[in-house]
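Novice: Residue numbers (this note's numbering), protein chains in the order written: chain A, 255 to 370; chain B, 97 to 214.
In short, the hints are calculated from the structure, not lab data.
Worth double-checking, as some hints may not be accurate.
[Stated by the list, open to error] In silico lysine to aspartate or glutamate, EDC-like type, Cα no more than 20 Å apart, as pairs:
| no. | chain 1 | residue 1 | chain 2 | residue 2 |
| --- | --- | --- | --- | --- |
| 1 | A | K332 | A | E268 |
| 2 | B | K151 | A | D357 |
| 3 | B | K201 | A | D317 |
| 4 | A | K332 | A | D311 |
| 5 | B | K211 | B | E113 |
| 6 | B | K201 | A | E322 |
| 7 | A | K298 | A | E339 |
| 8 | B | K201 | A | D357 |
| 9 | B | K192 | A | D328 |
| 10 | B | K166 | B | D177 |
| 11 | A | K269 | A | E339 |
| 12 | B | K211 | B | D177 |
| 13 | B | K192 | A | D311 |
| 14 | A | K332 | A | D310 |
| 15 | B | K201 | A | D311 |
| 16 | A | K298 | A | D310 |
| 17 | B | K211 | B | E106 |
| 18 | A | K337 | A | E268 |
| 19 | A | K316 | A | D340 |
| 20 | B | K151 | B | D122 |
| 21 | A | K269 | A | D340 |
| 22 | B | K192 | A | D310 |
| 23 | B | K192 | B | E106 |
| 24 | B | K169 | B | E148 |
| 25 | A | K298 | B | D122 |
[Said to hold, decoys possible] Partner residues aside, some chain A positions facing chain B, computed with beta carbon under 7 Å:
| no. | residue |
| --- | --- |
| 26 | V309 |
| 27 | Q350 |
| 28 | P352 |
| 29 | G358 |
| 30 | S363 |
Note that CB positions come from ideal geometry on N, CA and C, so glycine has one too.
Below are the chains, spelled out letter by letter.
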Amino acid sequence: EAGVAQSPRYKIIEKRQSVAFWCNPISGHATLYWYQQILGQGPKLLIQFQNNGVVDDSQLPKDRFSAERLKGVDSTLKIQPAKLEDSAVYLCASSQPPPRSLDGYTFGSGTRLTVV
Amino acid sequence: AQTVTQSQPEMSVQEAETVTLSCTYDTSENNYYLFWYKQPPSRQMILVIRQEAYKQQNATENRFSVNFQKAAKSFSLKISDSQLGDTAMYFCAFMKHRATSGTYKYIFGTGTRLKVLA
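Bound-form chain A, shown alone (with noise of 0.2 Å):
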């Protein structure tokens, strides 16, 4: 099965600017999620989709943060505007909804994000 799709692979991108990310899962996952994982830490959930309805966003600065999941299939993540902290890989992940996500989630390759 093919997995899951992210773009860009890199962006770089100068402080107050507008960036977006967009994710396209395995297909039939009914969850999406969008991770930030800054250099030397783990992946911290940015916010977690279940079809196109929000299950978890409590992580997520909705002040510059934004995401959506249109017909519970792709998604994308934005930021506007970019704060020099921002620099960071957004890793997208889809899994089959509960309880079958306890198999583990797939991954895509992320978005390495340098704001300057």
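We have chain A already, so just place chain B on it with the hints.
Specialist: For chain B alone, coordinates are given in the frame of chain A:
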């Protein structure tokens, strides 16, 4: 609150040797799941192995096995016959259940960078 601790930031091992990566966690739950993920330079997180807390038998996947000590809240990963392709970051993760929504979320450790030497 659940936490996951990986106390070894970096490790190295000779090719064909065995290495053990440590992980401890803290939880008040009785039923939970633990995972090890591998993140090579390609950045894609790859599931290595998972363990259900209610199972006493340690999980094994080919060269990868775990030593799960529930009372000690320890979950170490053993890699046998290390290969150059095992060079990667390894993350231990605890799967937390959200009672309000019936969904799950990972709590990841900070990772151990493993280098396999030729």
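Novice: Decide, hint by hint, whether the structure agrees.
Specialist: Hints and how they fare:
no.	hint	result
1	K332/A / E268/A	15 Å, holds
2	K151/B / D357/A	15 Å, holds
3	K201/B / D317/A	23 Å, violated
4	K332/A / D311/A	14 Å, holds
5	K211/B / E113/B	12 Å, holds
6	K201/B / E322/A	19 Å, holds
7	K298/A / E339/A	14 Å, holds
8	K201/B / D357/A	12 Å, holds
9	K192/B / D328/A	25 Å, violated
10	K166/B / D177/B	26 Å, violated
11	K269/A / E339/A	10 Å, holds
12	K211/B / D177/B	13 Å, holds
13	K192/B / D311/A	15 Å, holds
14	K332/A / D310/A	17 Å, holds
15	K201/B / D311/A	12 Å, holds
16	K298/A / D310/A	12 Å, holds
17	K211/B / E106/B	8 Å, holds
18	K337/A / E268/A	8 Å, holds
19	K316/A / D340/A	13 Å, holds
20	K151/B / D122/B	18 Å, holds
21	K269/A / D340/A	9 Å, holds
22	K192/B / D310/A	13 Å, holds
23	K192/B / E106/B	26 Å, violated
24	K169/B / E148/B	13 Å, holds
25	K298/A / D122/B	18 Å, holds
26	V309	5 Å, holds
27	Q350	11 Å, violated
28	P352	5 Å, holds
29	G358	4 Å, holds
30	S363	5 Å, holds
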